[in-house]
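Visitor: Starting from the known structure of chain H, fit chain P onto it as the hints suggest.
These protein sequence lines are chains H and P, in that order.
Quick note: the working numbering has the first sequence finishing at residue 233, numbered continuously throughout.
Quick note: the working numbering has the second sequence finishing at residue 233, numbered continuously throughout.
Check each hint, because a few of them may be wrong.
If chains are identical, the list can't say which one is meant, so a pair holds when it fits in one copy or spans any two.
[As the list claims (entries may be wrong)] Under the rule of at most 25 Å between Cα atoms (straight-line distance), these lysine-lysine pairs were calculated in the DSS-like manner:
(1) K174 with K140
(2) K140 with K91
(3) K122 with K140
(4) K54 with K25
(5) K140 with K75
(6) K177 with K91
(7) K58 with K122
(8) K54 with K122
(9) K207 with K122
(10) K177 with K58
(11) K50 with K25
(12) K207 with K183
(13) K25 with K140
(14) K71 with K177
(15) K71 with K140
(16) K207 with K177
(17) K177 with K165
Quick caveat, the hints were computed from the structure, so don't treat them as lab data.
2 protein chains.
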Amino acid sequence: MSGILYGVSVGPGDPELMTLKAVKIINSCDTIAIPRTDNSHTLAFDIAKQACKIEGKEILYFDFLMSRDKKSLKERHDAIAQQLYPHLQKGNNIAFLCLGDISVYSTFSYISERVCNAGFKVDICPGVTSFCAIASEVKRPLVQGNESLIIMPASCSEFDELIKHNGTKVIMKTGKKLPYVKERLSEDHQLGNSYAVCSCGLNEQKIYEDLENIPDECGYFTTIISEGNAHD
Amino acid sequence: MSGILYGVSVGPGDPELMTLKAVKIINSCDTIAIPRTDNSHTLAFDIAKQACKIEGKEILYFDFLMSRDKKSLKERHDAIAQQLYPHLQKGNNIAFLCLGDISVYSTFSYISERVCNAGFKVDICPGVTSFCAIASEVKRPLVQGNESLIIMPASCSEFDELIKHNGTKVIMKTGKKLPYVKERLSEDHQLGNSYAVCSCGLNEQKIYEDLENIPDECGYFTTIISEGNAHD
Numbered sequence: 002m003s004g005i006l007y008g009v010s011v012g013p014g015d016p017e018l019m020t021l022k023a024v025k026i027i028n029s030c031d032t033i034a035i036p037r038t039d040n041s042h043t044l045a046f047d048i049a050k051q052a053c054k055i056e057g058k059e060i061l062y063f064d065f066l067m068s069r070d071k072k073s074l075k076e077r078h079d080a081i082a083q084q085l086y087p088h089l090q091k092g093n094n095i096a097f098l099c100l101g102d103i104s105v106y107s108t109f110s111y112i113s114e115r116v117c118n119a120g121f122k123v124d125i126c127p128g129v130t131s132f133c134a135i136a137s138e139v140k141r142p143l144v145q146g147n148e149s150l151i152i153m154p155a156s157c158s159e160f161d162e163l164i165k166h167n168g169t170k171v172i173m174k175t176g177k178k179l180p181y182v183k184e185r186l187s188e189d190h191q192l193g194n195s196y197a198v199c200s201c202g203l204n205e206q207k208i209y210e211d212l213e214n215i216p217d218e219c220g221y222f223t224t225i226i227s228e229g230n231a232h233d
Numbered sequence: 002m003s004g005i006l007y008g009v010s011v012g013p014g015d016p017e018l019m020t021l022k023a024v025k026i027i028n029s030c031d032t033i034a035i036p037r038t039d040n041s042h043t044l045a046f047d048i049a050k051q052a053c054k055i056e057g058k059e060i061l062y063f064d065f066l067m068s069r070d071k072k073s074l075k076e077r078h079d080a081i082a083q084q085l086y087p088h089l090q091k092g093n094n095i096a097f098l099c100l101g102d103i104s105v106y107s108t109f110s111y112i113s114e115r116v117c118n119a120g121f122k123v124d125i126c127p128g129v130t131s132f133c134a135i136a137s138e139v140k141r142p143l144v145q146g147n148e149s150l151i152i153m154p155a156s157c158s159e160f161d162e163l164i165k166h167n168g169t170k171v172i173m174k175t176g177k178k179l180p181y182v183k184e185r186l187s188e189d190h191q192l193g194n195s196y197a198v199c200s201c202g203l204n205e206q207k208i209y210e211d212l213e214n215i216p217d218e219c220g221y222f223t224t225i226i227s228e229g230n231a232h233d
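Chain H extracted, bound-state conformation (with noise of 0.2 Å):
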């Protein structure tokens, strides 16, 4: 019988926010994937590592493009899918690792998509988001009532439109943008009620309840949080 491949959500960061169930599921898995950026970055290993049995598993690191080239993207994806068939060919489970939960930004889609056709089982495991993470690290609600939630990329095509909403907005792999973020928060008056948090959940967690004293320079996973004016 052929295996199974299982989209592992391992949390932000913190070991101790993985579920149950990832850690049953990683513990059970013969094979672990693993999704690397730069040869070097294998954050939701990191994270696991700390929480399941890994000692005797088989290994396989993928390396995922940071490219915005569709072709090059779409080719990556179909080696990795290619990759994997023969492991799930021999009935092995593998339990393919994704950092916060996997249905918010993660690239695992893009495979899970290419294994399902190919006749393979997938199972999905759901996970703690990093703007939820943050936003018990800061003990606030994101939003109460009736209020809006936005979660949007910095680079998101309706970002000027989105960002002058009432409701709470999370902005997230600011990365680059920073400044720009930060101008269009001011303009609104929205400055005030927004605070941002790189590396959450990591050792070098760094909290910034006032954005006027955040260096533009605080990388990829910062994520800015505006409450705009909604809460009571």
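Guide: Structure of chain P alone, referenced to chain H:
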């Protein structure tokens, strides 16, 4: 020394979607605080009981109002906070349970604000949201690449405007507004890209891939997800 009030997210329904941290906090607390509506619904406790050791702990029930009257709500929240103080003064640690993730539409923030202002320590544990669990259940991503994700209750004041955006929309607490939501999605040609989940993660969970078939009386915990035309 005074006790600590822990706000503990127990996830959307499946006890295995509780985090390691949530289970650890609940197991370590002397007292469990359980939000209750209509004197009977204690879903968060039903979830926690299946994954934690509850025997021997003091159980406190707190009746929340399902009301929009600000004065009655304020009085009830004041009263709930007042009931917690003697337990904290005795040095008891309290785990206050919340369904889903505590920062997303939970009533805990109204209580924690009061408890903080009274000089007690509050700590918060994030969890898996219902919308992330739903996306995993149907094996579809919520957002990819540069897409936006809008989460809103059906009664959000900006609903008519936000529903027209390109990205993915998660419409929560649909209840009696279900026919209205379906009409707006139909007008904007999004019905074909939408699906609904009732009572996600519970035994009675139902998924409607086609919104035409969903009964109008599907219940308060019905969530509709419209993918817009966003995914590649």
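Visitor: Each hint should be assessed against the structure and marked as holding or not.
Guide: Results of checking the hints against the structure:
Taking the shortest Cα distances, K174 and K140 sit within 25 Å of each other both inside one copy (22 Å) and across copies (24 Å). Within a single copy, K140 and K91 get their C-alpha atoms only as close as 47 Å, which misses the 25 Å cut-off; across copies the closest is 24 Å, which meets it. Taking CA atoms no more than 25 Å apart as the test, K122 paired with K140 passes between copies only; the shortest distance there is 11 Å, against 39 Å inside one copy. Within a single copy, K54 and K25 get their C-alpha atoms as close as 10 Å, and across copies as close as 19 Å, so both meet the 25 Å cut-off.
In this homomeric assembly, K140 and K75 come within 25 Å of each other (Cα to Cα) only across copies, at 20 Å, whereas the closest approach inside a single copy is 41 Å. Taking identical chains as interchangeable, the C-alpha atoms of K177 and K91 are never at most 25 Å apart, the minima being 44 Å within one chain and 50 Å between chains. In this assembly of identical chains, the alpha carbons of K58 and K122 lie at most 25 Å apart only when taken from the same copy (21 Å versus 42 Å across copies). In this homomeric assembly, K54 and K122 come within 25 Å of each other (Cα to Cα) only inside a single copy, at 24 Å, whereas the closest approach across copies is 34 Å.
In the homo-oligomer, the alpha carbons of K207 and K122 lie at most 25 Å apart only across protomers (21 Å), although the nearest pairing inside one protomer, at 40 Å, exceeds that limit. Neither within a single protomer nor between protomers do K177 and K58 lie at most 25 Å apart by alpha-carbon distance, with minima of 38 Å and 50 Å respectively. For the homomeric pair K50 and K25, the shortest alpha-carbon distances inside one copy (13 Å) and between copies (19 Å) are both at most 25 Å. In this homomeric assembly, K207 and K183 come within 25 Å of each other (Cα to Cα) only inside a single copy, at 17 Å, whereas the closest approach across copies is 43 Å.
Proximity of K25 and K140 under a CA criterion of 25 Å is satisfied inter-copy only: 19 Å between copies versus 29 Å inside one chain copy. Taking CA atoms no more than 25 Å apart as the test, K71 paired with K177 passes inside one copy only; the shortest distance there is 21 Å, against 43 Å between copies. In this homomeric assembly, K71 and K140 come within 25 Å of each other (Cα to Cα) only across copies, at 23 Å, whereas the closest approach inside a single copy is 40 Å. Proximity of K207 and K177 under a CA criterion of 25 Å is satisfied intra-copy only: 17 Å inside one chain copy versus 43 Å between copies.
When the C-alpha separation of K177 and K165 is checked against a cutoff of 25 Å, the pair qualifies only within one copy, where the shortest distance is 21 Å, while the shortest distance between copies is 29 Å.
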